[in-house]
Structures are given as structure tokens and as C-alpha cells.
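Enquirer: Now for the letters of each chain:
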Amino acid sequence: MHQIDSKIRPRLIQGDKSITDVSNDICRPIENKATAAWKLGFGISLLFLALLGGTLFWTTWTGIGVWHLNNTVMWGWDITNFVFWVGIGHAGTLISAILLLFRQKWRMSINRSAEAMTIFAVMCAAVFPLFHMGRIWVGMYWVLPLPNAFGSLWVNFNSPLLWDVFAITTYFTVSLLFWYLGMIPDIATVRDRAKTKSRKFWYGFFSMGWNGSARSWHRYEIVSLILAGISTPLVLSVHTIVSMDFATSVVPGWHTTIFPPYFVAGAIFSGFGMVLTLLVIARKVMNYEDYITIGHLEAMAKVVMLTGTLVGIAYLTEFFIAAYSGVVYEQYAFINRATGPYWWAYATMMSCNLLAPQVFWFKWCRTTPWFLFMMSIIVNIGMWFERFVIIVTSLHREYLPSRWAMYVPSWVEVGIFLGTMGLFFTCFFLFAKFLPVINMSEVKSILKSRE
Amino acid sequence: MTENKKYWKGEEDLVRDPSFIHSAKNEFSEGLPLEEVLSEDDFELSSNRRDFLKMFGFSVTAVALAACNKAPVRKAIPYLVKPNDVTPGVPNYYSSTCGYTGMPIEVKVREGRPIKVDGNGRCATFGGALSVAGQAGIFDLYDNERIKKPLRKGVDSDWATVDKEITTLLTKISAANGRIALVSNSIHSPSTLAVIEDLKTKYPTVEHINYDPISYHGLIEGNNLSFGKSVIPSYHFDKAKVIVSFGADFLGDWLTAEKFTKDYTSKRMPGDDMSQHIHFESNMSLTGSNADIRYPMQNKNQGMLLISLYNEIAKVTGSKQMAVAGQADVAGQGVSKTAKALIAAKGNSLVVCGSNNPQYQVIVNAINMALGNYASTININNPVNLYTGNDETFNSFVTDLTAGKIDGVLFYGANPVYSHPNGAQIKKALKSNVKLSVSSSISLDETSNSCQFVTPDHHYLESWCDYQPVGSTFTLGQPTISPVFDTRQMQESLLTWAGAIDAYSENTMKDNGIYGQEHSVSPFYNYIKSKWSVTDKEFNTYLHDGFVIKDTPTISVPGMIANTDEIASEIEKSKSAADGIEITLIEKTGMLGGVLSNNPLVQELPDPISKVTWHNYIALSKMNAVRLGINDNDVVNITVGETKMVLPAIVQPGQANGTASIHLGFGRTVAGKVAKGRGENAYALIQAGAKFNSYVVNGAKVEKTSTGETYELARTQTHHHIEGRDIVRETTLEDYKKDNRAGNRYEKPELVSLWYDHDYRKAGAPNHLWGMAIDMNKCTGCAACIVSCSIENNVPVVGEVEVRRRREMHWLRIDRYFTFNNVKDVNYKEELDAVSKMVPENFEPKKLTREKALEAIDRKLAKDENAGYEHFENVSVVHQPMMCQHCGSAPCETVCPVLATTHSTEGLNQMTYNRCIGTKYCGNNCPYKVRRFNWFRYNDNSAFDFHFSNDLGKMVINPDVTVRTRGVMEKCSFCVQRIQSAKLTAKRENRSLEDGDVKTACQKACPADAIVFGDLHDKESEVTKLFHNERGFAVLEELNVKPSVRYMTKVRNI
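These protein sequence lines are chains A and B, in that order.
Residues 10 to 460 in my numbering are what the first sequence spells out, letter by letter.
Residues 116 to 1169 in my numbering are what the second sequence spells out, letter by letter.
Errors might be hidden in some of the hints.
[Stated by the list, open to error] Reference excerpt, derived from the structure (chain A facing chain B, CB under 7 Å, subset only):
no.	residue
1	Ile53
2	Trp70
3	Gly74
4	Leu139
5	Gly148
6	Thr376
7	Pro378
8	Trp379
9	Ser411
[To be verified] Computed, partial: chain B to chain A, Cβ under 8 Å:
no.	residue
10	Arg742
11	Leu743
12	Tyr871
13	Tyr875
14	Arg921
15	Val1010
16	Ile1032
17	Leu1154
Derived by calculation from the structure, the hints in this document are not laboratory data.
Glycine included, every Cβ here is placed at the ideal spot set by N, Cα and C.
Between the sequences and the hints, there should be enough to build the whole structure, so can you do that?
Expert: Okay, here's the thing in C-alpha cells:
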């Protein structure tokens, strides 16, 4: 069958790949020995992971006083990092669930890694709410259903922190299931190609007896759709609930009804930023340029620009509402953000999130990988600062001026953040080495090859 | 034959092989293969099963033993035989007297441990007032760095040895007619003075010298010059309509400030009767911050200002003016305005002066004479005996000591090596010039460290004593705990050395315990009883009450004998012309000039004005700071003549231009871990004159260090401006008289709540609903409440580093805000106009406009460089105590995921520490920011070794209040333990709670009676009435969190 290329839309998969090529290309990192670059990257990640272990141990052993929070600013880098990581996760779910429902086929070559990113990011995020607790050893009884002798541990269903626990655990569970389910046919492919005993065993175990029958594929498609259906509201709900950690409070600068949509937009923005960061590198290093094409990058750049602008509008709306409200505390909270002692954080946030993505109006900016990489880092920085601005600059100057205070993180807090980077990249390197990074079976379905 | 039979175990035994005999003695003849196991180079063990079992047994036992060793031993020993008057869990209260401040007190004792000290409200002379020092002093009892036994040449000794040697030396010196000085802090105990007389009888060369680190010599000598009476008179601030103070911090640390606070605030209720308070001073003091009108002045002008004030008054009254050239005045015609106010209140006014210059005090006396105040507000016949130190006597003692004219020195509580400007000379003389030096102090200090013998004194809570703080009032001190260490009351030591102890050593305690335990009676108890010569019954009544008030001597007008003209001309001549900055040395609240500098509570207590803790500093006026290029926390070099000092600086609004101030009581070199090496000793700057010691130092040079180093002072409040927010409300008396709601007239928005009102909050509900009212007209910001709260609720002291990180744990804090107060004098009309234009004509809540206007003016003034920042000396202050507001719809409660903070049906916002996991969301969501998080384990932690970390220090812990572990949130509980205990008492007595049954710790401690606590469902309760008072307002009411604390609008009598 001769293939007809569209004149206005390039092929999704380039390089004139055959189905065999796809299997060969994508299984190559799994079947070959680890490269030096992988070993180096993995080693550095492990170092940072060790830093995470050390700093968390130090925190738990000594008390969270080793962080420089105080009785005015009781949340600082911890919750900033939590929201940052949770936000990053959102792109994965959006790509795999919503784009699946919308039958966006371009997602097929990036959804696997985006979902992996989601899972690893949520793992990193979970570190913070756990370890920011003053008594994690008691807190565990609420978070995990451990047997205990405390009697009834009735929780407060009014508290957004509790909603958070439900939201994040649901999110993690569904994402993990969705990711794993989508991987089963590919794991089976690796199993079928496996030459060593252990690989045969493990990939066989995890492919759960996949036999590629029509019935299997049918079930697979149905479950995927159902899971996508479940995941779709999660894209909106998780960050909505995270935003309610702030929105339901009385803190000027937090107490805002705009927070749910604003946070969701911000989450997708930062998530796509992170996907870009990872894929620009991965496609180069792993020679996947034919699978993750410039077209993919461009599409993501467009999403980044859209969501960045949405977030920017939210920033401006907040200012307007504060001015319009006539509440002095609210007004001051926003004036203080822009002109107070943390003005530099606000300036960073504004320029990275609202101004910087506007360059994507230009095609060159959307299609130049190194530039995209740079922009993705800027987006990540901007979104981290957004959370810092919301949390710290609101808290440090609240209602009573007598309690105004400053907050500067300690090395432990910085260490924990760098450590979660270590955790994230350790997981990602393991994923890149041991699991198919691109969804082979789906990609094969969109090949317009000679066969 | 059978008994000779010998059994052998084997052939080896039979043949008695020597190697076998040797190994038979050794149980483990083969040895344990420990080395093999411990060396890691070989994992292949060659040992067999039995070895394995041996090793296994050994390791299990060893591990078990090691584990046993580590287990903490906690002692909880019940009474084997319960004393009749001690019921575990029920406190006993004893009347006593505070050894630091001379105030009658009630001591709360739990199972033999005194745990809290409060003022004795039954004593009318002082009305139950107790200052910061009085509250905090209990910590010194449980200081594990106290001297534990007598020391001889710095080495532990025993009483018999030191007594023998001291007696021998005393006899020897006395026989050789050598002079012996007994240097004590001012003693106002009749029996102690009698003991000293006994000592003098035995050793005729003994002379008794009273010494006060903070001297009131000027006041005493001034009265001597004026009236021939070397006394401090009683001042009656409750009778004065107009109060004028020249640098006397009478609400802070001057004389019986706690009593003055009580009297002063009783006349501060807005109305026709409200007193007016005019204050002249250089540093911003606590008293100055409460003044209606405050005039910044340089102390070097003080004498001339006083003379001018006298002359202004004399002009009107028609008496003779003092002959001086020219008039002196402060900006804003302060002196003439003050003269007018005083004349208007003639006979009902009071002028006081804090200067230590006797000549100034003579002028003040002359002013009071001219105004007829000696017939009403000053009673010179009822003298205050708390301070009797004489600078002339002491300075000549120092001269004699250094000249080697004194052979023996006995120090009793006094620490002049630290607190006298010539301390170094005294120290040298003690080391080389004297044959005998003895110091009696409770912990090692600079003076006792330089003495041959240290005879440790009891803490006052372990001692018997009587006192006469004021002429008419006698109080008794009784021990409330057995001596903690091998210490002895100085009075008993003196009796021992005087050879008079045996007469009083009879054990009159016949009532031995059931098991025949011996209870002994202190000889000094017998001594006091013999001196009082009253019946046992009477004495026991006095002891029960804690005080006796004799007839107060009637007021009479003394005759002025001083030649005021001569003194005035001397003052005119002596006026300092020195260039440079004038430094005033002031007291740190509660530190008593260094006596309590080792007290962690006092160290951590923020200064009421600067809010600095744990360090002293030089407070500069903004004008001087800008000119010298100095900012907050810059370290500066201070040079006064030969003396140099390095201190961090702060810019203090209210500090008069050209002046600076430094706290005394820091820079201890020999002291406990809390005080040692903290700050600098500013006593070195005092100028010890022939006639008096001056606490005002002229001609100081202040400059930034060349390296530009900084020292971050630990402050509990770093933002001092109220930002135009409606947090405190105030008005003037004039406006208040026209409208009782003046300053408190707000259009209340219609508040909508998401929450249903709880049943227990509704009127008529059968439960209690606790509430608190705080009168900002009465609150002076003295901070006694903070200390009382901390002791009552086991609030940990966290230290300088943690305070610097803004982690102080005080459940109750006092917010302090500054605002410029010369709005009328400065032409900023355009701002006012501009702001009023922004607001529609008939807009009702005018407050908004006024605040916006003040805000605009403050901003402009703060940045106005043309004005040279001179206006920063002229500010007004508000103090606002802030604690958990126990909101009806508390934001903290809804956000806690684990229900660790919930509402009680009595309106209390409660913390359940057991449930708390430390998410800290409640703290973030508290609009009042009153929640305190335990960032570390502050108790039992060597990093926070202030008092909770050793067994002795823990004895002050209130057993009714949980000690919090790390990782949990805590905050004010409205003293729920006191509420519960009052409820139980009422239940036992089969009655309902009455208003006043529950007094919170802060309320009980407040010398101003500014805090009222009670049941809001009781229509007759005082707190309910205050809640309906026209002046009442809630902070941040518009948030609709329904706080249970209300504040009363501050009314200034301008």
C-alpha cells in the first residue's frame, strides 16, 4: 500500500521506520549494556539521592527546627517544593489521559515518559508533606492505616490537608496503574526478544501473560479508555485540591477563589516545561529524534505558551481583585509581593512565567531544541518561584505587623530539595534503562510505512 | 572407710596431670573464639556448634545487659507516710516575701516544691503587685549552678572549717582594731539589722555599708538636703491628677514600680477623674511610652529645665523665683505647658525625678512644695526602705579599701566588683589588701569569686526573714522548701560568727512525725520571734497573712531647709558643655541591675520598648544614627574618656536627639551559663563622683567599627509601624467625653458566616463561655504577665539563636507600635486634604480616612530627609497584649487534619498535644499569629540547657500542665488548668462558679489590673460588662472569627 503524506502535516514518526525498526530502536537501551553517559548520570543522581536520605534523617532525628521556618512563616521550601513537584506531574496525566480521549495521536511517542515523570514527581512531592510534619512517626498513623493503640483516630474532614492526602494517593494509584497497564504489551515485546534467563523471567512476570490475542487487545483498549476516563478529572481535581490548601485559609494572598483554575493551568504549564526538559535531552541521547520529532516539541511549546499566558492572566486578576476588594490586608499582600523584601522572587516569577513564554509566538523558538531546553528550565524556575511567592510572601507579612518576619532556608531545606531531584532522576534513569521509554505498540499503529 | 573414698572423673584426674589441673580451674578452657569472630577477614568460621552456642549466649547476654544499662530511670516515689497538710495534686499556698523586690507574695507549693509566686493581694500597702523580677526570681531557686557548699579559697569546704577560720580572723582583726566592713544590698529587715548589731557588739570595728547597684542616693540625699530626712518618701500616684516625671521610670524599674503601676492605672480610667501624665526623658522608657505627653530632653538640660519649671510655677503662685540667667525649655514649650497643667492641679499633682543628682532632687522637692503636694501625694513620714545605699559612703569605702585601710570585708548579696565602676580596683584590693574576705551569695559572682571564703546563702524561698519595705508595713518571709544545697542563711552565719547562735538553737518543734522524724527549727526563726516579742498565736497569724500593717504615719508637710537659690546657681554652673553623645544607663526590665542576669526568663523577656532579648545594645536616636551612618545591628565603638566599649546598635524611635542609652546588667564575667559573657558591662561607664554616681555619661564618642561588622540582635518584633491598620483604637479624653464611642465608631459590615453558631455560644446556654477583656488604658506593657504565663504553663526558654530565628515560645506577647505624634506641629496638611478628597463627603467610617492620613503622613515623615530625622524623637507608643483569642469560629480548627485543635463547649480553643502531628497549618492560618511550634525538643536537651534540662531545673515545672515534646503546636489555653481546678473547688463546695473564681496567670500577675477574665454567659460578670463597654473592640473583627478577647480603646489625656 502506497503511503500518502499530507502536505500540511508532516509524519508523526519520521525516518521511514518499519515496525521492526521501532522494536529495535526502542528495545536497544534495554538490551544493550549501559552507556557511559547513563552510568555518569545515574551515579550523580544516586549521590543526590543519598543527600536526600541524609538530610531527611537529620531532620527527623533532630527536629524540623533544622529548617529555618519560624513561628510566622511555618511553611517555606517544604510546601513550595511539594506543590512544585505535584504540579510537574500534571503534564503526564494530561498527555496520556486527555489527549487519549481526544484521539491526539502525536501524544503516542511521549506519553510513556510523561507518565513516568508523573509518578516520579508525585513520589518526590510526597516527601514534603510527610517530612514537614513535626512528628512524622505519629503522622504515619493517620496517613497509613497502621494498627495502633491510640484509640479512634478520627480525622477532620473539613481540613484541606486531609483532602490532599486522598487526592494525592488517588492520583498516584491511578497514574501508576495507567502507566503500568499501558506498558504491558511492550514488556511482552521485550520478553519475546529476551535472550537472557533473568530478562525472560522478569519481563515475563511483569507482562502478566500477555499473548497479543485480539481478545487481549480488546480488553487492553477498554481498560485504557476507562482509566483515561478516571484520570481525566484527576488532572483538574488534584491541583484544585492542592490549591485549596491555600484558598480555604484566611491568609491574605491565599484566600482567593481564583486559585483552582490558576493552579491547574500552572501545573500543566510546569509539567510541560519538565517534559520538554527531559525529552529534549532524551531524544538526543537515546537517538529518538525520529520518534520525538520537532513537531512534538513544537506542540508542547504551544501548550507552554498557552498555559503560561493563562497563569499570567491569573496573576494580573489577583492584583485587580485585591485592589477592587478594598481590603487593606489583601491589598498590602500583593503590593508586598511586588515591592516588598521578596520582590526579586516576584520579578523572577513574572518574567519566567508570563513574559518568557511569549517568545513562542515565533516559530524558530518553538522548533529549536536547545532554545526549547533553555526555555523549559526558565519555566521550571518560574513555576518554583510562583509557589515560593504564594507561600512565603503571603505568610511573612500577614495581618499583625508585629509578627512580620523574614524567612531564609537552611542548608538542610536546600539539601532536601536537591535530594528530591536526585530521587527523580534516579527513578528516571532506571526507567530509561529497564523499560521501553516509548510506547512501541501504539507508535507502530501510527507508522505509515512501506509495509 | 567410706569417707576416705575418692572418686575420679577420668584418667587425667586420677594421674593428676598438671595441664589438666590447670585447665580444670578455668571454666572456658578452650577460650571463646572471639577474635576469630571479630576479625572480619575470614568469614569461614572454623568454630563448632558448641562455640556457636557459647558465642550466641554471650552476645545475647551482652546485648541484653547493654540494653538494660541505657534504660532511663525515672523516679516517682510516693509518700510512705503522707504529711498531714500535703495532698498530692493539691497545691498549698504560703505567704512570704519576695527577697528580690520586697513585695509580699503568695507561694504556690506542690508536693514540697514551690512552683509559682504571685503577689499577696491581701496586703493593702502593695495591693498584690509583683514585677517581672518578683515573678522570675523562683527560677534562681532551681539553678543547678548555685553554690552547693561553702568554699574556702575557691575549693569546696565545710561549714565547721570556714566558721572556725572566719571567727578566728574576725577576732584577730577586731583585736588589732582593724576595720571590718559588712557590705550588703540594702537591708530593710529589722531582725537582720539586729543580727548585724549583734555582730558589731562582738566585733566593735565592724561597720555596715548598704550598697545598691542601681543607686537611689540622689533621692535620699536630696530629701536630706531639703528636709533633713535621709529617706525615700512614699509616692501616691493614685492621688495625683497631674503626674510629671523627669526621667523617673516609675512604671518600669524605679523604686516600687509594681505598686506605682497599680496606683497609676487606678487613675487612668477615662472620665473626669483621669490623671494626666507628662514625661520628660532622653531614652524611650516604659513609663515614657505610657505618657499622655512626652517631651524628649537631654539629661544635661534636666537641672535647668527643673529650675525653669519651678520658676514658671513660682511666677503664678507669686513666690520667689530662683535666680538663674535665662529660661530653659524643650521643643513645644514643654516646661511652660507643664507648669500650667501642674498649677491647674495644685495640691493634687506629683513631680518625680529619676536623676541620681541630689541637687536636682532638691529642686523637685521645691516644686512639689510649691504645689502643695506634700500634703497629698507624697508622704515623707512613711518612708520606703528598699534602697538605703549611699554613694558617698560606698565610694569612700572603695577608697579606703584600695588604700589598704580595711582589713576585713564581708559581702552579703552585694556584687560591687561587677556593678561598681571601680569594680576592678575592688577586686584587686580583695586579692591583696585584706586579711579576710567573705562573700555570701547564692551563686558564684564576680565578687564572691575574688573572696577567700564563700558562705552560700539560702535562696529567699528557703529562708526565714522579716522585712520592713515601707515604714508602716512589716512582712514575713518563710521557707517553702528545705534547703536544696548545703547552704546557710547569712543571718545564721553572722549569728554564728558573732557567737550568738546558741541562744537561738533550741529546737522548739516538739511535734515530731509519726515515725519520729526530726523536724528542726531554724535558729533565725527563733531569733525573729524573739525580736518581735509577740505571742505564738499572733506570730502565726502574721505568718499566715504574710504581713502586718501598723498605723500609717499621717501626712505632714516638712519644712524646706535647703538654700534652693544656691543649689540652682550651682546647677547652672555645673551644666555639662561636653560635645558628643550623652549616654543614659538604664535598667533592663526585671534584671535588677544584674542580680537576675542569670535568670533565663529575664534574659528571654523582650525589652518592652525595643523588643530585644539576650543582649544589651546602644540605642541611638534616628538623627544621630543617620549622621553616623549606623543602622540596626551595626557594631559600634563607644568611647567615654578612657573607657571603651563595643556594642551593637539599634535605632530607637523616641530616643532624644543627641542621646543614647545602654542597659545595665549584662557583661557578667563570673556567672552561670545563662549570663556569662552576654553583652557588655555598662557599669564601667558610670562616673563615680565624690557626691554621687552619675548614670548619665556626657561626651561619648560613638562610631562604626572599621570592619563594619554586625551583630544580629534577637528581637521578638522587627516591624514597628502599624501600617495604618485598624488593630489598636485610640482617642483623646476630650473626644471621649463628648462621645463614649469616640475612636471606636465603626460601621460594621454585615458579617456572613459559613458556620452555624454553636449552641454553647448562644445567650442563655447553660454552660460557661470564657472570655477576656484587656484595657489598653491600663496596660503599661510591663511584661509581668509574660513571665507569669511562662512559669504557669511551662513555656520553654529557647535561647538567643532561636529568638533570632523568630521562634520564641511566649504564649503571651505584647505588641508595640510607634507612631509620630507631632502631626499638628508639622505642616502636612496637603496629605490630609488629599486623603480626605478620596473619600466621599458623607462617608461614615471616618476612621478609615484618619488612618490613611496618618499612614500617609508617617510615610512622608519617615522619608523626609530635609527634616534631618529629628522628629523620630517624638513618637507615641501603644502596647497591646496578644495571646490566643479563642475564636468562636477559629480558622486554626478547621484546617487541622487530625483534629488536634478543637473547640470546647465552654468556648475554649484547645490543643490536644497527643493528636498533633505538626503540620503547622493552624499556625499559618491564625490571623493573630499566636501559635507556637516546638521546632526542637526544648526540654531535656543539652542544646537548650536553660532550666528544663536538668533534674533540679525541672522542679519548677507545673505538674498541672503538660510539658510539650518536639513537633507539636502550643498556645495560650486561657489557663484551662486553673478553670478546671476552680470548677472542682466549686463542685466540692456544692455551689456554682462565681465571677473571679478563675484568675488566669496573666490576670493574676497584672499589676495594672488590665486583664479581666470570666464567664460571658454570666450577665453580672465583670468581663461581660466590659464586652458591652463602649470602648470595647475586637482585633480583626471583620474576619468574623468571633474572638473571645476584647480590648478597650485607649484614651489619651492630651
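Enquirer: Take the hints in turn and mark each one as holding or not.
Expert: A quick look at each hint next to the structure:
{"no.": "1", "hint": "Ile53", "verdict": "violated (31 Å)"}
{"no.": "2", "hint": "Trp70", "verdict": "violated (11 Å)"}
{"no.": "3", "hint": "Gly74", "verdict": "holds (3 Å)"}
{"no.": "4", "hint": "Leu139", "verdict": "violated (10 Å)"}
{"no.": "5", "hint": "Gly148", "verdict": "holds (4 Å)"}
{"no.": "6", "hint": "Thr376", "verdict": "violated (44 Å)"}
{"no.": "7", "hint": "Pro378", "verdict": "violated (42 Å)"}
{"no.": "8", "hint": "Trp379", "verdict": "violated (41 Å)"}
{"no.": "9", "hint": "Ser411", "verdict": "holds (4 Å)"}
{"no.": "10", "hint": "Arg742", "verdict": "violated (26 Å)"}
{"no.": "11", "hint": "Leu743", "verdict": "violated (25 Å)"}
{"no.": "12", "hint": "Tyr871", "verdict": "violated (13 Å)"}
{"no.": "13", "hint": "Tyr875", "verdict": "violated (19 Å)"}
{"no.": "14", "hint": "Arg921", "verdict": "holds (4 Å)"}
{"no.": "15", "hint": "Val1010", "verdict": "holds (5 Å)"}
{"no.": "16", "hint": "Ile1032", "verdict": "holds (4 Å)"}
{"no.": "17", "hint": "Leu1154", "verdict": "holds (6 Å)"}
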